[in-house]
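Participant: Sequential numbering from 2 applies to the sequence shown in this note's numbering.
Read the hints as simulated data drawn from the structure, not as lab findings.
A virtual CB, placed ideally from N, CA and C, is assigned to each residue, including glycine.
Be aware that one or more of the hints could be misleading.
What the hints assert, rightly or not - Label-pair restraints from in silico Cβ distances:
| id | residue 1 | residue 2 | range |
| --- | --- | --- | --- |
| 1 | C45 | G583 | 50 to 58 Å |
| 2 | R243 | T678 | 40 to 48 Å |
| 3 | R315 | R410 | 24 to 32 Å |
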Amino acid sequence: MTITFEETTDDPGLEIHDSIEQRRLHLETAQTVRPEVIDPHGFCFPVDRACRFVTDELVLDQTCSVTVHDGTGRTERSLNVGDRIELEDQAQFVGLSGPIKLYCRLDSTGVIDVGQTSIRIALERAVPIELGARSPHDRPAATITTPPDLDSIVEAVSAMPSALKTPSPERTWPTLRGHPPLIELGDDLEIPDPINPPDSDVELVVPPAYEAVFQAAPLAFFLGATVRLGETPRLETPRFERSLVTRGTIEDDVAHLLKRFFFLDCLIRTEGIFQYDLHERSVLEDDLPFDLAEAYAASLPERLERFLEVPYERLEPYLPRWPLTAHVPSEAETVELLPFVVNELGIVRGARGRMTTVSEIDTASAGLVRSTSGTRAPSTFDADSSFVVPDVVDESIEHAWFGDRIPRRASKATIDAYRNQLNRDERSESIDILLVCNDARMLDEHDLLDGAYGNRKALPFEVHSEFGVSTDRLADLLASGDYDFLHYIGHATEDGIRCPDGDLDVRTLESVDLGVFFLNACRSYEQGLALTRRGAFGGVSTYTDVDNEDAVEAGETMARLLNRGFPLRGALEIARQNGKLGDQYLIVGDGSADIAQSDGGAPSIIELDRYDDGSLGFACRSYSTKEYKLGSATASNLASVSDRHLTPGHAPVATVSEDEIQEYLTWTKLPVQVDGTLRWNDGIGYLSSD
2 MTITFEETTD
12 DPGLEIHDSI
22 EQRRLHLETA
32 QTVRPEVIDP
42 HGFCFPVDRA
52 CRFVTDELVL
62 DQTCSVTVHD
72 GTGRTERSLN
82 VGDRIELEDQ
92 AQFVGLSGPI
102 KLYCRLDSTG
112 VIDVGQTSIR
122 IALERAVPIE
132 LGARSPHDRP
142 AATITTPPDL
152 DSIVEAVSAM
162 PSALKTPSPE
172 RTWPTLRGHP
182 PLIELGDDLE
192 IPDPINPPDS
202 DVELVVPPAY
212 EAVFQAAPLA
222 FFLGATVRLG
232 ETPRLETPRF
242 ERSLVTRGTI
252 EDDVAHLLKR
262 FFFLDCLIRT
272 EGIFQYDLHE
282 RSVLEDDLPF
292 DLAEAYAASL
302 PERLERFLEV
312 PYERLEPYLP
322 RWPLTAHVPS
332 EAETVELLPF
342 VVNELGIVRG
352 ARGRMTTVSE
362 IDTASAGLVR
372 STSGTRAPST
382 FDADSSFVVP
392 DVVDESIEHA
402 WFGDRIPRRA
412 SKATIDAYRN
422 QLNRDERSES
432 IDILLVCNDA
442 RMLDEHDLLD
452 GAYGNRKALP
462 FEVHSEFGVS
472 TDRLADLLAS
482 GDYDFLHYIG
492 HATEDGIRCP
502 DGDLDVRTLE
512 SVDLGVFFLN
522 ACRSYEQGLA
532 LTRRGAFGGV
542 STYTDVDNED
552 AVEAGETMAR
562 LLNRGFPLRG
572 ALEIARQNGK
582 LGDQYLIVGD
592 GSADIAQSDG
602 GAPSIIELDR
612 YDDGSLGFAC
622 RSYSTKEYKL
632 GSATASNLAS
642 VSDRHLTPGH
652 APVATVSEDE
662 IQEYLTWTKL
672 PVQVDGTLRW
682 NDGIGYLSSD
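With the hints as extra help, turn the sequences into a complete structure.
Facilitator: In structure tokens:
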């Protein structure tokens with residue numbers, strides 16, 4: 002089973018472990034409990050496993066979103082840090098939206114206290130509590146087979162919305178959007194019985210071209226729409242028609258419509274089952290030409306019609322940051338990529354861009370570099386044709402390039418990386434990290450990393466270090482080491498990772514047993530690409546020389562961010578913004594891959610600006626993860642600030658006192674950017690480094 006419950010005795014309570022996604026939570030209880038596994042289908046919320054135990058107190062040693070529901074599942078309260086409410090003597094659910102989603106069903110009076118670092122449920126007496134847990138691991142229900150002709154591909158794409166768990170605006174919650182069914186090319190069109198597309202009166206009409214069909218797929222999925230071929234591209238409903246080329250291209254129109262419809266559905270869902278305060282609603286509600294409650298109750302065509310009345314420019318400043326734009330080839334094989342991109346509601350664009358060259362670092366002044374010779378090495382890449390900058394690089398956190406050539410200002414995505422994660426087996430109970438240092442002159446980076454990984458009390462890390470690793474030993478570690486993360490320090494070329502006895506070319510290995518990697522060496526791109534094609538999920542590589550001093554800084558920054566639960570795409574963006582990293586570092590594989598869970602909601606960075614009067618500007622920037630996907634809501638949990646916002650996104654700047662910030666950062670271990678400089682907060686407050 003993915004989810005397991007295990008009693009703990011040293012700290013009495015219950016440990017909930019997701020053995021595939023490597024997520025865990027610990028619920029403290031007043032006394033030792035003995036969980037009894039029960040049928041999860043008795044919950045009115047989707048859960049993977051459930052148990053029953055008796056206690057009068059539960060304490061979760063981290064913060065997360067807390068909701069109280071009545072016996073039917075309807076939301077009665079959403080709680081913030083500092084809130085304390087009384088529970089009535091009736092059947093009710095308490096939802097805890099942590100790295101593993103929990104629902105506690107209980108029938109007793111008591112209180113819920115939401116503190117800065119923990120959540121406490123204290124009951125009047127010991128009663129049976131039923132606990133349901135849901136993993137963020139999301140698997141497709143089935144696989145569609147389609148021939149390469151457009152008519153069949155359109156039918157396959159139209160079947161993807163079968164993964165939507167509701168037609169209501171609540172489908173903006175990631176847990177109510179399942180993973181679309183996989184699609185693979187074959188001889189005949191086969192849509193298995195488990196795949197039942199919703200009855201839809203919304204259609205997307207697109208020209209008979211692969212590119213147009215692929216670009217329409219994310220919007221069709223979100224709307225539960227049918228895709229149809231036709232000469233005039235349009236969105237068609239019983240109430241209205243709208244052209245899909247008002248902005249000149251289908252890909253631009255579809256991108257803007259997807260953002261518009263998704264965002265406004267996020268606002269009106271606050272009138273539905275899950276009611277809570279949302280920053281974006283508070284600033285826009287008075288300007289909207291419709292009542293949110295009426296829009297929530299309207300049919301989908303009615304909602305879309307009203308949504309189109311709102312000027313896009315009014316919404317744009319408040320839209321969530323889109324996590325992904327995929328640049329894909331216009332060929333039949335691309336249909337197999339679509340379910341993975343659509344699973345993140347990624348925007349789809351053609352693989353178009355301008356050819357470019359790559360600049361090298363000046364090794365004459367840089368000192369030690371991480372090429373195999375320690376000086377700048379000649380590149381085997383054709384500088385005139387190997388590199389490409391996508392036409393659009395500024396609409397999403399990650400731009401994933403699926404085309405030929407090496408992207409700049411984008412990641413190099415592979416379908417293998419996504420498939421590898423679907424095949425992920427249960428892992429060990431710890432997060433296993435391998436540090437390999439193959440150059441004694443680079444031990445400084447290893448020493449920094451030794452304290453950066455695994456310094457979180459609530460998570461069991463196992464950090465294993467090896468030095469001067471031979472080709473045979475490294476091959477064995479990669480092929481059968483069962484590591485969740487590899488951080489390599491040393492040298493590389495396009496043809497191999499440097500070892501004392503020669504180069505190990507990953508392309509000679511049949512497979513690797515590895516999750517995520519950081520190859521902190523010059524020209525490690527080809528080796529990183531090979532890792533994703535042999536079993537890895539994704540990682541960071543380089544395509545040119547890197548200065549050793551800059552590489553050490555990059556290594557420490559990436560290590561600290563990954564350790565705090567940031568995905569690759571978020572960690573690399575922050576590292577670039579706050580260091581000397583150029584775009585010679587790039588993600589290879591799946592940029593949403595991570596190695597650890599975050600604490601207290603979506604991983605975030607705190608931005609502080611000091612004002613002349615002694616106060617500070619405070620803002621929170623959040624990133625999406627596998628458990629906090631696009632459409633989640635998160636907050637900083639600073640009691641004096643109301644900043645629950647859509648993830649990934651940026652909360653508004655609030656003015657706070659220095660004392661408030663010092664207290665907040667004492668208990669909240671988030672990275673902090675002070676006046677534009679990144680600082681590592683280890684729970685002693687940001688002023689400690691002044």
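Participant: Indicate, hint by hint, whether the structure satisfies it.
Facilitator: Now for the hints, and whether the structure bears them out:
| no. | hint | in the structure |
| --- | --- | --- |
| 1 | C45 to G583: 50 to 58 Å | holds (51 Å) |
| 2 | R243 to T678: 40 to 48 Å | holds (46 Å) |
| 3 | R315 to R410: 24 to 32 Å | holds (29 Å) |
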